Amino acid sequence: DGGITQSPKYLFRKEGQNVTLSCEQNLNHDAMYWYRQDPGQGLRLIYYSQIVNDFQKGDIAEGYSVSREKKESFPLTVTSAQKNPTAFYLCASSIFSGVEQYFGPGTRLTVT
Amino acid sequence: AQTVTQSQPEMSVQEAETVTLSCTYDTSESDYYLFWYKQPPSRQMILVIRQEAYKQQNATENRFSVNFQKAAKSFSLKISDSQLGDAAMYFCAYPSFNKFYFGSGTKLNVKP
Chain X
26 DGGITQSPKY
36 LFRKEGQNVT
46 LSCEQNLNHD
56 AMYWYRQDPG
66 QGLRLIYYSQ
76 IVNDFQKGDI
86 AEGYSVSREK
96 KESFPLTVTS
106 AQKNPTAFYL
116 CASSIFSGVE
126 QYFGPGTRLT
136 VT
Chain S
357 AQTVTQSQPE
367 MSVQEAETVT
377 LSCTYDTSES
387 DYYLFWYKQP
397 PSRQMILVIR
407 QEAYKQQNAT
417 ENRFSVNFQK
427 AAKSFSLKIS
437 DSQLGDAAMY
447 FCAYPSFNKF
457 YFGSGTKLNV
467 KP
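Protein chains in written order, with the numbering used here: chain X, 26 to 137; chain S, 357 to 468.
Honestly, I wouldn't trust all of these hints.
Cross-link-like lysine-lysine pairs, in silico, BS3-like; alpha carbons within 25 Å at most [stated by the list, open to error]: (1) S:Lys429 to S:Lys411; (2) S:Lys426 to X:Lys96; (3) S:Lys426 to S:Lys455; (4) S:Lys455 to X:Lys82; (5) X:Lys108 to X:Lys95; (6) S:Lys455 to X:Lys95; (7) X:Lys34 to X:Lys96; (8) X:Lys34 to S:Lys426; (9) S:Lys411 to S:Lys434; (10) S:Lys463 to S:Lys429; (11) S:Lys467 to S:Lys426; (12) S:Lys455 to S:Lys411.
Residues from chain X that face chain S, not an exhaustive set, calculated with beta carbons under 8 Å [what the hints assert, rightly or not]: (13) Tyr35; (14) Leu115; (15) Val124.
Here are the in silico distance ranges between beta carbons for each label pair [unchecked claim]: (16) S:Ala427 to X:Ala106: 30 to 36 Å; (17) S:Glu366 to X:Ile120: 31 to 37 Å; (18) S:Lys434 to X:Phe121: 26 to 32 Å; (19) S:Thr383 to X:Thr137: 38 to 44 Å; (20) S:Ser368 to X:Gly88: 36 to 42 Å; (21) S:Glu385 to X:Ser98: 29 to 35 Å; (22) S:Ala428 to X:Pro33: 31 to 37 Å.
Treat the hints as calculated values from the structure; they're not laboratory data.
It should be emphasised that the depicted structure is a prediction, and the values quoted were computed from it without experimental measurement.
Glycine included, every Cβ here is placed at the ideal spot set by N, Cα and C.
Excised from the complex, chain S in its bound form:
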């Protein structure tokens, strides 16, 4: 069965510092996508970044980047120069067979 695991229920980072959120997944597929979503207090789910498994290069979107380790089935999110607006729940997600599998989420606190 497909599973997505986020082992850090909550993390804190100082403003302007860097933080890495972890995610592991389980799949037997060879080609797939991986996603990180952000859910701020408004509860709107916002797509942060996407990684295509067949691409060896790690995806980057401004201050957000991923460390994708396909063999280890690991997909971590790095947030550089953290800002107060980054405070939110972050969910890792993996689509398979017409469904999306979400992790349980990591709550990120940003300290001024």
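Okay, chain X solo, but in the shape it has when bound:
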């Protein structure tokens, strides 16, 4: 089945540690996105990538980093510089920019 996978579903880390969230898609989509969602809020764009080896900052990129070495993969690293990392993180992809995005199941990150 084609789709987007995110792992793990729940992630716990100590403050000061970097953590990497996985996002893989087998839809052959060119564009991939990372969003952050806080309780009762909408989605905020962290980073996006339109093509392999290229990515752009979204609205809240500070404290995060990404890579896009393969078309299928777009991992997100939450660094210790991110002041409030506890949130729900959603990865999405689209065949190209400007059309519907398809989402993974999300990763709930808790940092204590």
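Since chain X is already given, all that's left is putting chain S on it; use the hints.
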């Protein structure tokens, strides 16, 4: 700046009844897409319906339909014969310049 506004933070509907969720957006583009996404308690984002701005006909997907008013920049979602499984957060979304702009969401409660 592109914005998407959902003015109803929360709504309730009786099972089997019809409910309409509102969305307005701001754009200077003439050709674009608009989307409604559903986020149930599982937090998986699910595409509900898509509207292409150049099409005058309103999109329909089973019990879901839209009322698209291009001049007014309005894009409402109508859910007919509401079911308990329709209870979720609903987000209106508009893509522009390689980004997606999401509204703040409307929480829909369905009463048995």
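Consistency of the hints with the structure:
Restraint check: the Cα-Cα separation between Lys429 (chain S) and Lys411 (chain S) comes to about 14 Å, which is no more than 25 Å; the hinted pair holds. A C-alpha spacing of about 35 Å is found between Lys426 (chain S) and Lys96 (chain X), which places the hinted pair above 25 Å, so the restraint is violated. Only pairs whose Cα atoms come within 25 Å are accepted, and Lys426 (chain S) paired with Lys455 (chain S) is accepted, the gap being roughly 20 Å. The suggested pairing of Lys455 (chain S) with Lys82 (chain X) holds, with an alpha-carbon distance near 10 Å, which does not exceed 25 Å.
Our distance criterion of 25 Å between C-alpha atoms is broken by Lys108 (chain X) and Lys95 (chain X), whose separation comes to about 29 Å. Of the pairs offered as hints, the one joining Lys455 (chain S) and Lys95 (chain X) holds, with about 21 Å between alpha carbons and a cut-off of 25 Å not exceeded. At roughly 22 Å between alpha-carbon atoms, Lys34 (chain X) and Lys96 (chain X) fall within 25 Å of each other, so this suggested pair holds. A threshold of 25 Å between alpha carbons decides the hint, and for Lys34 (chain X) with Lys426 (chain S) the separation of about 39 Å lies outside it, so the pair is violated.
In summary, the hint linking Lys411 (chain S) to Lys434 (chain S) is supported, as the alpha carbons are separated by about 18 Å, within the 25 Å threshold. Distance restraint check for Lys463 (chain S) and Lys429 (chain S): the Cα-Cα separation of roughly 22 Å lies within the 25 Å cut-off, and the hinted pair is therefore satisfied. The straight-line distance between the Cα atoms of Lys467 (chain S) and Lys426 (chain S) is roughly 32 Å, outside the 25 Å bound, and the hint therefore fails. Our distance criterion of 25 Å between C-alpha atoms is met by Lys455 (chain S) and Lys411 (chain S), whose separation comes to about 22 Å.
Taking 8 Å as the C-beta cut-off, the interface hint given for Tyr35 (chain X) is violated, the closest approach to chain S being about 12 Å. Interface restraint check for Leu115 (chain X): the shortest CB-CB distance to chain S comes to about 6 Å, inside 8 Å, so the restraint holds. Checking Val124 (chain X) against chain S: minimum C-beta separation of about 6 Å stays under 8 Å; hint holds. Judged by the Cβ atoms, the range 30 to 36 Å given for Ala427 (chain S) and Ala106 (chain X) is violated: they are separated by roughly 45 Å.
Taken as a hint, the range 31 to 37 Å holds for the pair Glu366 (chain S) and Ile120 (chain X), whose Cβ atoms sit roughly 34 Å apart. For the hinted restraint 26 to 32 Å between Lys434 (chain S) and Phe121 (chain X), the CB-CB distance of approximately 29 Å keeps it satisfied. In this structure, Thr383 (chain S) and Thr137 (chain X) meet the distance hint of 38 to 44 Å, their C-beta atoms being roughly 42 Å apart. Between Ser368 (chain S) and Gly88 (chain X) the beta carbon distance is about 38 Å. The supplied range of 36 to 42 Å therefore holds.
For the hinted restraint 29 to 35 Å between Glu385 (chain S) and Ser98 (chain X), the CB-CB distance of approximately 31 Å keeps it satisfied. In this structure the supplied range 31 to 37 Å is violated for Ala428 (chain S) paired with Pro33 (chain X), their Cβ-Cβ distance being about 44 Å.
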